[in-house]
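2 protein chains.
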Amino acid sequence: MRVGVVGVGHGKFGRRSDATVQELAFEAYREVLDDVNNLDRNDIDAVIVGSSPEYHKQRSLPGMITEYLGLNDKPTWLTEAACASSSAALRSAYMAIKSGLHDTVLVLGVQKMTELTTAEIQGLMGRVGDVQWESIFGITFPAYYAMYANKHMETYGTTSEQLAKTAVKSHHYAAKNPYALFQKEITLEKALASDYVAYPLRVYDCCANADGACALIVTSDELAKKYNDTPVWLEGLGCASAPISVLRRPDMTSIPSAVAAAKQAYAMAGVGPDDIKVTDVHDCFTIAEIIALEDIGFVEKGGGGKFEEDGQAYIGGKHPVNVDGGLKAKGHPVGATGASQTVEIVKQLREECGERQVDGADIGMTHNVGGIGQYCFVHIYKRS
Amino acid sequence: MRVGVVGVGHGKFGRRSDATVQELAFEAYREVLDDVNNLDRNDIDAVIVGSSPEYHKQRSLPGMITEYLGLNDKPTWLTEAACASSSAALRSAYMAIKSGLHDTVLVLGVQKMTELTTAEIQGLMGRVGDVQWESIFGITFPAYYAMYANKHMETYGTTSEQLAKTAVKSHHYAAKNPYALFQKEITLEKALASDYVAYPLRVYDCCANADGACALIVTSDELAKKYNDTPVWLEGLGCASAPISVLRRPDMTSIPSAVAAAKQAYAMAGVGPDDIKVTDVHDCFTIAEIIALEDIGFVEKGGGGKFEEDGQAYIGGKHPVNVDGGLKAKGHPVGATGASQTVEIVKQLREECGERQVDGADIGMTHNVGGIGQYCFVHIYKRS
Chain A
1 MRVGVVGVGH
11 GKFGRRSDAT
21 VQELAFEAYR
31 EVLDDVNNLD
41 RNDIDAVIVG
51 SSPEYHKQRS
61 LPGMITEYLG
71 LNDKPTWLTE
81 AACASSSAAL
91 RSAYMAIKSG
101 LHDTVLVLGV
111 QKMTELTTAE
121 IQGLMGRVGD
131 VQWESIFGIT
141 FPAYYAMYAN
151 KHMETYGTTS
161 EQLAKTAVKS
171 HHYAAKNPYA
181 LFQKEITLEK
191 ALASDYVAYP
201 LRVYDCCANA
211 DGACALIVTS
221 DELAKKYNDT
231 PVWLEGLGCA
241 SAPISVLRRP
251 DMTSIPSAVA
261 AAKQAYAMAG
271 VGPDDIKVTD
281 VHDCFTIAEI
291 IALEDIGFVE
301 KGGGGKFEED
311 GQAYIGGKHP
321 VNVDGGLKAK
331 GHPVGATGAS
341 QTVEIVKQLR
351 EECGERQVDG
361 ADIGMTHNVG
371 GIGQYCFVHI
381 YKRS
Chain B
1 MRVGVVGVGH
11 GKFGRRSDAT
21 VQELAFEAYR
31 EVLDDVNNLD
41 RNDIDAVIVG
51 SSPEYHKQRS
61 LPGMITEYLG
71 LNDKPTWLTE
81 AACASSSAAL
91 RSAYMAIKSG
101 LHDTVLVLGV
111 QKMTELTTAE
121 IQGLMGRVGD
131 VQWESIFGIT
141 FPAYYAMYAN
151 KHMETYGTTS
161 EQLAKTAVKS
171 HHYAAKNPYA
181 LFQKEITLEK
191 ALASDYVAYP
201 LRVYDCCANA
211 DGACALIVTS
221 DELAKKYNDT
231 PVWLEGLGCA
241 SAPISVLRRP
251 DMTSIPSAVA
261 AAKQAYAMAG
271 VGPDDIKVTD
281 VHDCFTIAEI
291 IALEDIGFVE
301 KGGGGKFEED
311 GQAYIGGKHP
321 VNVDGGLKAK
331 GHPVGATGAS
341 QTVEIVKQLR
351 EECGERQVDG
361 ADIGMTHNVG
371 GIGQYCFVHI
381 YKRS
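Chains A and B are the protein sequences, given in the same order.
Residue numbers for the first sequence follow the working numbering, beginning at 1 and rising by one.
Residue numbers for the second sequence follow the working numbering, beginning at 1 and rising by one.
Hint data in this document are derived by calculation from the structure and do not stem from the laboratory.
Treat the hints loosely; a few may be bogus.
Said to hold, decoys possible - Okay, the calculated beta carbon distance ranges per label pair:
#1 B:Lys226 to A:Gly100: 23 to 29 Å
#2 B:Asp18 to A:Asn42: 48 to 54 Å
#3 A:Met1 to B:Asp18: 45 to 51 Å
#4 A:Gly302 to B:Asp221: 46 to 52 Å
#5 A:Asp43 to B:Arg41: 39 to 45 Å
#6 A:Ile136 to B:Asp18: 17 to 23 Å
#7 A:Lys225 to B:Gly138: 48 to 54 Å
The beta-carbon is built from N, C-alpha and C at its ideal position, and this holds for glycine as well.
With these hints in hand, go ahead and build the complete structure from the sequences.
This is the structure we're talking about:
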């Protein structure tokens, strides 16, 4: 049995003080219903919600959302893996269908972050690191990724200009993505002149917190054609973990969970890096995109910065990456991000991306890191 | 392919200020390793953690726990469904194995609650209800279940004595369970003399918050015999949702998600209520046990109070229920409770429960409600 994504829905990412978390979910659900043919609510057998619950006042999101969407008494639960929570939901949907327990699953990635202050968010984010030995000393997310950046610069000569060029690319594509938070281009000079957040990472090296939701309809090959003429198949799934503690990381220039997850996904899909035509990687910071390129084998270790500098991650380059704007410029509502990556790759494989379309995109990949590297989920998708 | 539980581990439930959340997980992990034969860490293909993350300072529990248990780089993620979080993990483990994605999965249910004050816990618990329209007015968990109790009493004549007798039974069995929080018997008089928490529920009608962890090793029939001579098979799985809002509940004398989940589980396992020899139900309050008996079809609607009064839920009665002490007297570390129920039923089906053993227990059931009824997971287990 093959498992495929037959419907995708993407809500607007941004500061969404106009909507509660269940209303954000509804926005994505409405989009996915518009996207898929002949789908009745009775065709949905389960609702798997990917989210990080700690950001929300409303607990029991799957309960609140299934009620709000009129989907009781469908089975529902939540998956969490920090910033990879909805990739865990997609993996669970794959398992549910392949196991025969469910035929068709609605995956919802949803997050409302901006009800909290930036300080509260940074405090929460720091607590995905080791609370006992690290976050207690005040380390937050930018500081963790600054360690990666400093070590990568020291070891491989990666430069601030290479980081900034990565940001310029993200904004270039986000300007063409109606769902993105920052729909505007930036210049290299502007990026390099922005303030430091955590040396060497500047404002434009960091993704922005956001609110938003995405929805996916996942089903078996037996049913797929009923719902969509061009289903996109989930053919490779990788998932791995790595130590949270910096102390226990052998190397701060790589995310070992990503290396392991990519290896699994390639093996399962029977493809290699050269077969991947379009990719979304987890660029919570520009350095994270550079490291991702190396971890998934698009470039040799240490070559990520040069790859960006040479424009190889643009459409037309060797590996178009994050041509939806990435977390960096699209915004990063943590629980929605994995599903958002899937929406983009599915649309690319369906050739529905307009001026952002990658020609000949028949195989795509998503790389979704959780926390500071303690999880990574890699998915490989095929058009046929 | 059949999927079975081949190893169970149960940590001590209680106020565990001696242990961090990862240390609680280790305690259960050590127990499960002692329980299963020939299991090497390399045999574990994934770690699924069931927990409600909002109670913990340490976020990213699956990351912290896999690191602490030395299980990197195994795939790992968290499932959440309020008090049914580790039943969602067991369901996910079933799907993972049956789908062929993994051979053997470690399920960990873990929760540390007592770092928070009772007021903080009650505030958090209230937020699994509708935050916008209900919890904002101060309603907490006992108040929700008091509504069930009042309506059940009004409709069916259920009495305070019947509630108290349910508590007496729970304490009777918890006194024989070395993992339980309250290992002491209580009298009917003591229960009936205890203070009201939310009328008509008294102190002894309410379960206690606790810290604790449980672990399960789940695998396929192909591998099961390698690890255990008496695997217990997971043969029926039910899961359903119901509206969170009291406003949208058609009836406050029943939990419709439980009725639906039980129906699914019976159908899948090919058995009916009369076939179930031993059961753990979700008795967060005594009234919840009485309603559960009706929802899963052990007694006709409205007959739950009389069933308890007549002692039919004791060993030797028509349906022995919660002979481990239940949430009521064993304690209720929310993320660990579903897995704890599974540990009990697996041990009963293996005939390892000593003076609490139910004779001829070849088919068992767990009924695990999440929140105030927005989820229910029902599992049916068979010895052969």
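Evaluated hints:
Separated by about 24 Å at the C-beta atoms, Lys226 of chain B and Gly100 of chain A satisfy the suggested range of 23 to 29 Å. The hint said 48 to 54 Å for the Cβ distance between Asp18 of chain B and Asn42 of chain A, and at roughly 51 Å that hint holds. The hinted range of 45 to 51 Å is satisfied by Met1 of chain A and Asp18 of chain B, whose Cβ atoms lie roughly 48 Å apart. The hint said 46 to 52 Å for the Cβ distance between Gly302 of chain A and Asp221 of chain B, and at roughly 47 Å that hint holds.
A beta carbon spacing of about 41 Å between Asp43 of chain A and Arg41 of chain B agrees with the range 39 to 45 Å that was offered as a hint. Separation of Ile136 of chain A from Asp18 of chain B is about 20 Å and conforms to the stated range, judged on CB atoms against 17 to 23 Å. In this structure the hint that Lys225 of chain A and Gly138 of chain B lie 48 to 54 Å apart at CB holds, the actual value being about 52 Å.
In summary, this structure violates none of the numbered hints.
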